[in-house]
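Residue strings, one per chain:
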Amino acid sequence: MIQLSGLSKTFGTQQVLKEIDLTVDKGEVVVILGPSGSGKTTMLRCINYLERPDAGEVRIGHLAVQGKHPSRRDIHQLRQRTAMVFQQYNLFKHRTALENVMEGLTVVQRIPRSEAREISARMLEKVGLGSKLDHYPGQLSGGQQQRVGIARALALNPEVILFDEPTSALDPELVGEVLEVIRRIAREGITMIVVTHEMGFARDVANRVVFMDGGVIVEEGQPEEIFQRPREERTRQFLQRIMPEPNYSI
Amino acid sequence: MNLDPSFIWTAGLSLLQALPETLWITFVSVAAGLVIGTAVALCRMYHIPVLSQLSAGYVAFVRGTPMLMHLLLIYFGLPVLIDGISSAMGWSFTSASIPLIGFVWIAFSITAGAYMSEVVRAGIQAVDKGQVEAAQSIGMTTIQTLRRIILPQALSVSLPNLSNSVIGMLHGSTLAYTISVVEINAQAQIVAADNWKYFEAYIAAAILFWVLTILIERISGWLEYRLNAYQRGGAL
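Those protein sequences? They're chains A and B, same order as listed. Note that this note's numbering has the first sequence beginning at 1, numbered continuously upward. Note that this note's numbering has the second sequence beginning at 1001, numbered continuously upward.
To be clear, the hints were calculated from the coordinates, so they are not data collected in a lab. Worth double-checking, as some hints may not be accurate.
Pairs of lysine-lysine residues, derived as DSS-like cross-links and limited to a Cα-Cα distance of at most 27 Å, are as follows [stated by the list, open to error]: (1) LYS68/A <-> LYS1129/B; (2) LYS93/A <-> LYS126/A; (3) LYS68/A <-> LYS18/A; (4) LYS126/A <-> LYS26/A; (5) LYS93/A <-> LYS1129/B.
Whenever a hint applies, use it, and build me the whole structure from the sequences.
Set out below in structure tokens:
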């Protein structure tokens, strides 16, 4: 279980997170929606301390990490229990697809190379890249790179995978293949927190949708609730702007 | 003026005996310079207290003074220091037992370290921040991230500048003649004076340096091709 409590963060004079509380259960897929600047990416990045909150607590299972200056060891443990998929993929450019996936296994988890290779090849197979093991990121399309990024996260067998707008940098025709992979692993019961603008995806994959605006969680609930009967005016306005087509079926 | 072309060849052959000296000076100063330079660049980039200020001062001083001064300062200053410490501690070691080339190694390593720290710093800064975040997100420590992700990419970016530094140190090694280390330049002077044929001897020395420089360029070009394999697109 992942629990965020009282997370606050200020950049300069702008407070981007205002005492956020959020609990995510094991196996849950939580999609975070919100206009840009609402603090959703910052919140996600606070979960593995790529961004340091000014105050608050991140708890994963029994590990609780607090405030702006937790111990190095705590941060390190937090990161070992999480994995992240980035908007810009961030694959290690000087490593092949296989080596990208192996890196965390051999260096961080200290799994023997042969075993790590086997796990990594299996993960790449799973995201449909079994034939691209020895390709460098520069030789792969955006969609393929992002699928390697997902395999890299998956291989670590983390307690939660954090997706930071995984399809936002992709050409439109490549979005589908990446969403399909995420959808597939969501069904396997892996805990995921996904920041995205893909409404259709949010609707069929999420167990829960969280809507953020202005650094606070405006409302959260089942996807049907949020998309069809939003309680808050701000949610309604946002959904109307992003999905102009009528929200009913005949 | 009478040019004796055949003497260029004769002089060239005799310069070869000083070649190892030149290569040793270059190799040691570049290797030590790379280590010093990396350490200095990291101290400055990570703002390590005290060390970062010392590093900044070191780079400013060394880059602000000629290479020849470093050599002379070490040559005249280090013995005073060593002998002072040695006698204060009651050791039998004296600076007289340090070979001359030792002073050259120390002085030019200091020179190379300062210049290379800037090359390494530029290389590290060229590495995309996302690479570091990805490494951190999979749980790598700072040291692992540096060693496995940042430095390999920084090295491949820095290669052209590093090869410039190597060439600079090769050419700078000629200054060692001032403290009577017989490298190529000093050997040319000896051959020239013995035969009263200065121009020919220096032509031979210039050709030899040029050949060495071309060699360095070739090696660096090959390394660049190897290390940057990942940046080339297309199918394997």
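Hint check:
A C-alpha spacing of about 21 Å is found between LYS68/A and LYS1129/B, which places the hinted pair at or below 27 Å, so the restraint holds. Straight-line distance between C-alpha atoms of LYS93/A and LYS126/A comes to about 22 Å, which keeps the hinted pair within the 27 Å bound. Of the pairs offered as hints, the one joining LYS68/A and LYS18/A holds, with about 15 Å between alpha carbons and a cut-off of 27 Å not exceeded. With a C-alpha separation of about 22 Å, the suggested pairing of LYS126/A with LYS26/A holds against the 27 Å cut-off.
Straight-line distance between C-alpha atoms of LYS93/A and LYS1129/B comes to about 12 Å, which keeps the hinted pair within the 27 Å bound.
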